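Trainee: Construct the entire structure; sequences and hints are all you get.
So the sequence lines, in the order shown, correspond to chains A and B.
Under the numbering used here, the letters of the first sequence match residues 1 to 113, in that order.
Under the numbering used here, the letters of the second sequence match residues 1 to 128, in that order.
One should not assume that every hint holds.
Stated by the list, open to error - Residues on chain B that point at chain A, a partial pick, calculated with CB under 7 Å: (1) Asn99; (2) Thr100; (3) Gly101; (4) Met102; (5) Asn105.
Claimed, not checked - These stretches of chain A come out as covered by chain B in the derived footprint (C-beta under 8 Å, 3 or more residues): (6) 53-65; (7) 69-77; (8) 106-112.
Hints are computed from structural coordinates only; laboratory data are not their basis.
None of the values given here were measured: they were computed from a predicted structure.
Just so it is clear, CB atoms sit at the ideal spot from N, CA and C, and this is done for glycine as well.
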Amino acid sequence: MFSGKNKRSVMGRQRRTLGFTQRMETAVISVLESLIKTDGVKGVLIADEHGLCLGALGKANPNCSGIIREIATHAKSLNDDSNSQQLLTIKIEANNSTILIRNDGNKTLAVFK
Amino acid sequence: MSEEIQMYFDKLLLRIDGLKVITVTDRDGVILIKSESKDFSDRVLEPTLSTTFSVVNDQASKLGLKKNKFIISVYENHQVVHFNNATLITTLVADSTANTGMLLNLGDELKDVTDVIVSALSGHQDIS
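Mentor: As structure tokens, this is what we get:
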């Protein structure tokens, strides 16, 4: 269907597109990988301010990003001083696992232990 | 049965902050289920909303990335999330500041309900 030259250019375009996608995710994934190497950490997830998943590794389910963001938002509203710059950390303890959630305003990090 | 589904949808509106409307329509825009909060202006819900999505969904499915699952549109005051579920379209309208991740999660949950309606509709079509 394609001539030899056209075929190469199409493949080149695909490679460039893939390369861009990989680079875009690499920064987030490398941070998550460094976190998941820590002892006892079974999963990590980062959500943005809209509750959309930016990256998830291990047992962290990407579909949980909205819930994690919502927990962080509601926990913030428990604080009397809404203008406080203090960062909150939420710890959810279950029988076999623990989830730590931290929100810096825009991004929310969840660590599954 | 239909009252139970209506009650279930009404309760969902209270569960997510900023969620204003949930509708389930067919591809022609015929509303099967609709639940809206009291403070919501009806002007936002254009009748063409689901039919337009139906067209956009078909186009998006031609991008070579397999079948389109959902489309999120964010406007100045509202955000609209459309889910494609076989012959049915589930539409969520929420404030633009609402948690989009929660809306996507809700869409997954609603799939179980809409699957029942889809199978009921296909069964009905088989009989007729």
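Trainee: Does each hint fit the structure? Answer for all of them.
Mentor: Quick rundown of the hints versus the structure:
1. Among the interface hints, the one on B/Asn99 holds; its C-beta lies about 4 Å from the nearest C-beta in chain A, closer than the 7 Å criterion.
2. With 7 Å as the threshold, the beta carbon of B/Thr100 comes within range of chain A, its nearest partner Cβ sitting at about 4 Å, so the hint holds.
3. Interface restraint check for B/Gly101: the shortest CB-CB distance to chain A comes to about 2 Å, inside 7 Å, so the restraint holds.
4. For B/Met102, the interface hint holds, the least distance from its beta-carbon to any beta-carbon of chain A being 4 Å, beneath 7 Å.
5. About 5 Å separates the beta-carbon of B/Asn105 from the nearest beta-carbon of chain A, less than 7 Å, and the hint is met.
6. Residues of the segment 53-65 of chain A with a Cβ under 8 Å from some Cβ of chain B number 4, which satisfies the need for three, so the listed coverage holds.
7. Coverage of a stretch by a chain is defined here by at least three residues with a beta carbon nearer than 8 Å to that chain's beta carbons; for the segment 69-77 of chain A and chain B the count is 3, and the condition holds.
8. Counting residues of the segment 106-112 of chain A whose C-beta sits closer than 8 Å to any C-beta of chain B gives 0, which falls short of three, so the coverage hint is violated.
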